[in-house]
Amino acid sequence: MDESGLTQQPKKLKLNEERDAVDRNIKCLQNLPEEILRYIISLLPTKDAIRTSVLCKRWEYLWTSIPNLDFKGLELAKRKQFMNFVERVLLLRDSSDIKTFTLSCDVLRDASHVSAWISAAVRRNVQQLYIGLYDFRKPFSLPHSLNKRCY
Amino acid sequence: MSNTSENPNPSSSSAKITLKTSDNELFEVEEAVAMKFCTVKQYFEDEKDNDVAARGSSTVIPLPNVHSAVLARLISYCKKLPQSNAVADNHEEEETKKKERKQYGTPGDLVDLISAANYLDFKEGLEFFNQALADHIQNKSVEYVRKFFGIKGDFEPHEEEKYREEYAWAFEGVDED
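Line order of the protein sequences matches chains G and V. According to full-length UniProt numbering, the first sequence holds residues 1 to 151 in order. According to full-length UniProt numbering, the second sequence holds residues 1 to 177 in order.
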């Protein structure tokens with residue numbers, strides 16, 4: 001069943017030759033069309049997807065159409081970084097629909113920010129919303145726009 | 001040396017389709033495998049409609065954008081992993097899948113496989129190899145990804161620095177190179 005592949009042996013040699021050719025031409029990711037690069041980025045967690053923007057100019061804005069966003073920031077020491085990150089991503093992301101939106105963080109005194117983040121997802125017709133909010137300092141209510149869609 | 005056209009499974013009487021690669025090699029594959037490539041399927045059906053070569057085995061479908069080395073790997077992938085894209089529902093399964101994807105290793109290979117899967121409109125393959133490539137980006141530093149995939153950073157140092165500050169959170173906790 002396993003090694004019966006009809007073309008395995010001779011092809012392996014070929015593959016090595018091919019690999020050398022590849023190295024010589026420095027054929028790399030840059031050869032792939034933009035739609036494929038976007039596809040690859042969409043398979044990454046949000047943090048990793050955003051990091052690709054620094055790779056080079058061609059990649060700078062490829063992440064902006066990622067359909068799934070996950071923000072998990074429960075470390076108090078990195079609170080400011082986390083807040084900035086979420087705000088920037090939501091601000092710079094394009095207007096395409098969001099499939100899943102995951103948010104897990106302490107609310108603290110930032111209820112209005114957190115609420116706005118959820119609204120931003122709802123406005124992009126989010127299909128699945130996972131929210132885990134902790135440590136409220138004031139009464140917190142979910143955005144009205146969300147109530148309207150959950151009947 | 002093994003014969004490339006030998007059929008290891010003689011009991012199978014399913015129709016065969018011959019694919020011709022960019023380097024003029026002929027591959028005789030089972031119809032079920034060939035039909036996973038939508039580009040081939042489309043070509044095959046058009047031929048059938050035209051009634052030029054309805055007898056499967058004599059149909060030769062040219063694939064001018066696919067090298068034989070790449071096609072061989074795609075075919076062996078088709079045979080080995082028929083359900084490879086079923087969603088992993090637990091951590092262990094995900095790890096097993098990651099290992100499977102790792103076998104398709106080097107960036108040059110992956111780029112070739114992805115290009116071919118894209119050209120052949122082979123959806124499961126495209127997802128699988130894209131994910132295999134994404135595995136080499138996840139949790140990796142920018143420097144690592146650039147080196148691994150041969151990408152030249154073309155931002156001015158101050159531009160890059162600015163990005164790293166603005167998205168500082170995304171640069172936390174990546175693996176050691």
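Any given hint might turn out to be false.
In the DMTMM-like style, the derived pairs of lysine to aspartate or glutamate whose C-alpha atoms are separated by at most 20 Å in a straight line are [to be verified]:
#  : chain 1 : residue 1 : chain 2 : residue 2
1  : G       : 72        : V       : 127
2  : G       : 80        : G       : 70
3  : V       : 97        : V       : 124
4  : G       : 57        : V       : 175
5  : G       : 80        : V       : 156
6  : G       : 78        : V       : 124
7  : V       : 98        : G       : 106
8  : G       : 99        : V       : 127
9  : G       : 138       : G       : 97
10 : G       : 57        : V       : 143
11 : G       : 57        : V       : 127
12 : G       : 72        : V       : 175
These are calculated hints, taken from the structure and not from any lab test.
Tested hints:
no.: 1; hint: 72/G to 127/V; result: 26 Å, violated
no.: 2; hint: 80/G to 70/G; result: 17 Å, holds
no.: 3; hint: 97/V to 124/V; result: 14 Å, holds
no.: 4; hint: 57/G to 175/V; result: 24 Å, violated
no.: 5; hint: 80/G to 156/V; result: 26 Å, violated
no.: 6; hint: 78/G to 124/V; result: 39 Å, violated
no.: 7; hint: 98/V to 106/G; result: 32 Å, violated
no.: 8; hint: 99/G to 127/V; result: 18 Å, holds
no.: 9; hint: 138/G to 97/G; result: 31 Å, violated
no.: 10; hint: 57/G to 143/V; result: 15 Å, holds
no.: 11; hint: 57/G to 127/V; result: 25 Å, violated
no.: 12; hint: 72/G to 175/V; result: 18 Å, holds
In terms of the numbered hints stated before, the structure departs from hints 1, 4, 5, 6, 7, 9, 11, listed from lowest to highest.
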